[in-house]
Amino acid sequence: MLTFLSSISGLLPIIFFLIFFRRNQGKVLWVIFIYALVSFSTDIGYLIIHKSQMAKFYIFSTFTIVEYSLFVLFFFLNLSFQRTKQFIVISSLAFIAFAIYSMIKTADHKFDSLPASIESVLVISLCICFLYEQLKNPENSLIIYTSKKFWITIAIFIYLAATLFLFISTAYISEEERKAYWPINYFANIIKNILLAVAFILKSEKSIFSSGQKSYSIQP
Amino acid sequence: MLLLQANTQQGITSVMFFGTIGMLTLTVGLIVFIVFHQRRVIRYQATLQRMEQDQQRMLLNASIRLQEEERQRLAADLHDDAGPLLATARLYLNENLVNLDKTTQLQSIYNAKQIIDDTIQLIRNISHSLMPPTLKNFGLESAVNDLFQKISGSGSLNASCRFHDYRERLKIEDELILFRVIQELVNNILKHSNASFIHVTQNTNGDRFFIRLHHDGRGLTQTDFEKFNKSATGLGLKNIQSRLKLLSGSIYFEKDVSQTYYKVTIELSKEEIV
Numbered sequence: 051m052l053t054f055l056s057s058i059s060g061l062l063p064i065i066f067f068l069i070f071f072r073r074n075q076g077k078v079l080w081v082i083f084i085y086a087l088v089s090f091s092t093d094i095g096y097l098i099i100h101k102s103q104m105a106k107f108y109i110f111s112t113f114t115i116v117e118y119s120l121f122v123l124f125f126f127l128n129l130s131f132q133r134t135k136q137f138i139v140i141s142s143l144a145f146i147a148f149a150i151y152s153m154i155k156t157a158d159h160k161f162d163s164l165p166a167s168i169e170s171v172l173v174i175s176l177c178i179c180f181l182y183e184q185l186k187n188p189e190n191s192l193i194i195y196t197s198k199k200f201w202i203t204i205a206i207f208i209y210l211a212a213t214l215f216l217f218i219s220t221a222y223i224s225e226e227e228r229k230a231y232w233p234i235n236y237f238a239n240i241i242k243n244i245l246l247a248v249a250f251i252l253k254s255e256k257s258i259f260s261s262g263q264k265s266y267s268i269q270p
Numbered sequence: 005m006l007l008l009q010a011n012t013q014q015g016i017t018s019v020m021f022f023g024t025i026g027m028l029t030l031t032v033g034l035i036v037f038i039v040f041h042q043r044r045v046i047r048y049q050a051t052l053q054r055m056e057q058d059q060q061r062m063l064l065n066a067s068i069r070l071q072e073e074e075r076q077r078l079a080a081d082l083h084d085d086a087g088p089l090l091a092t093a094r095l096y097l098n099e100n101l102v103n104l105d106k107t108t109q110l111q112s113i114y115n116a117k118q119i120i121d122d123t124i125q126l127i128r129n130i131s132h133s134l135m136p137p138t139l140k141n142f143g144l145e146s147a148v149n150d151l152f153q154k155i156s157g158s159g160s161l162n163a164s165c166r167f168h169d170y171r172e173r174l175k176i177e178d179e180l181i182l183f184r185v186i187q188e189l190v191n192n193i194l195k196h197s198n199a200s201f202i203h204v205t206q207n208t209n210g211d212r213f214f215i216r217l218h219h220d221g222r223g224l225t226q227t228d229f230e231k232f233n234k235s236a237t238g239l240g241l242k243n244i245q246s247r248l249k250l251l252s253g254s255i256y257f258e259k260d261v262s263q264t265y266y267k268v269t270i271e272l273s274k275e276e277i278v
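Those sequence lines, one after another, are chains A and B. Here our numbering is used: the first residue of the first sequence is 51, the next is one more, and so on. Here our numbering is used: the first residue of the second sequence is 5, the next is one more, and so on.
Treat each hint with caution, since some may be false.
[Stated by the list, open to error] A few chain A residues that don't get close to chain B, going by computed Cβ distances all over 10 Å:
| hint | residue |
| --- | --- |
| 1 | Gly76 |
| 2 | Gly95 |
| 3 | Ile99 |
| 4 | Arg133 |
| 5 | Lys155 |
[Stated by the list, open to error] Partner residues are not named here, just some residues of chain B that face chain A (Cβ under 10 Å, in silico):
| hint | residue |
| --- | --- |
| 6 | Met20 |
| 7 | Gly23 |
| 8 | His41 |
| 9 | Arg43 |
| 10 | Val261 |
Calculated directly from the structure, the hints in this document are not laboratory data. All values reported here derive from a predicted model rather than from experimental measurement. Virtual Cβ for every residue (Gly too), placed ideally from N, Cα, C.
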């Protein structure tokens, strides 16, 4: 039941993106929309072929790479610090190479625990960088929670923070135990999808200081 | 590392449980902190903006009041001085003049001429107070010298000025603004400070243009100046501030290191005024 709910919750961001299509223009939001489509398709694919261990492994491993790439693209488009962008490029190349290598070389075909954990750590770092940049930028006079990007970042942050230890532990526990703890992932996935839907529902961003300003000219 | 140390399944479960709870707590804590911090920053920015607007409004009010006072003074000068003089001249030149004898006619015309001369002088004085001819024709240095000669001539205090680097005249409208600022400062010194000397110097340093005014009376410090600027009183000081704002200049009031006299420094950008 929870598996089904988690999978079907993936529809929320897709539906709200399409309903509020006019509010959701821009490359950044399209990246997240594509992510929502990929995530939903993966969850549905998992429901269909859940009996084949090998197929599940390849779906999860490929999804980890695609998910990481889309999240990183989202932050790459949003961040402005040059050093962070350099870090993104270098770490992404290294991570994708490692994830592909790990997918090919893993013999047990259980779960790509190590790539998923590294992905979580890297993306969480980018979430923190993004939030830090929002705080540091003096021109950012926007109330942060009226920003779509903020809600998207929070969705990603909460999802990865909640599942990080689960993904790390998966390498050390049995299949039965994994099934017992996997609801953490489902709950995190549902929260993430709700937060992404909230981001797509929000109106376009406006600066609070852009309106209602008065200026006074002084005569000699 | 923790996982490596956790040998038992129970240990792994604990690490996973507490790790997840810990990560979620940290995440939510961080989000709450960011939201509240940003709200505080926005509130602070809004307060600053409001204060700046209040300050601008006060300067604008001071500027309008100054204009009104100037108009009233002009109106009073014209009504109270020029009006009666011209009316008297008209009396001398009334229609009965032709019926009078030659000597009385000449006397009346002479008196009328005297009164008209006085009126011309009066109107010239009013015009000079609006735009000092020395300033217009010879520049700021001469205008300040002229002003100080008149002040020194009264014998109440010694006023002098020295312009060290004034080879190139400033824009005429900027010279007038600067002259008005100096005039206002000198007026304040005459009215409130009980000083025995005023000395004005001018010099430049790279792109910066400085006017410094020293006096040995009771003066203001920057704190006093800012206090007056924020209060409803101190119209003259607000006018100084608003005039200098037009030149993108700044003013600084201080007591000299020797504690014997007060110093006012006006700093301007040469690019703005030349």
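Going down the list of hints, with the structure as the test:
1. Gly76: 22 Å, holds
2. Gly95: 26 Å, holds
3. Ile99: At about 27 Å from chain B, A/Ile99 clears the 10 Å cut-off, so the statement holds.
4. Arg133: 21 Å, holds
5. Lys155: 21 Å, holds
6. Met20: Holds. Min distance 4 Å.
7. Gly23: 3 Å, holds
8. His41: 6 Å, holds
9. Arg43: OK, holds: B/Arg43 within 10 Å of chain A, min 7 Å.
10. Val261: 34 Å, violated
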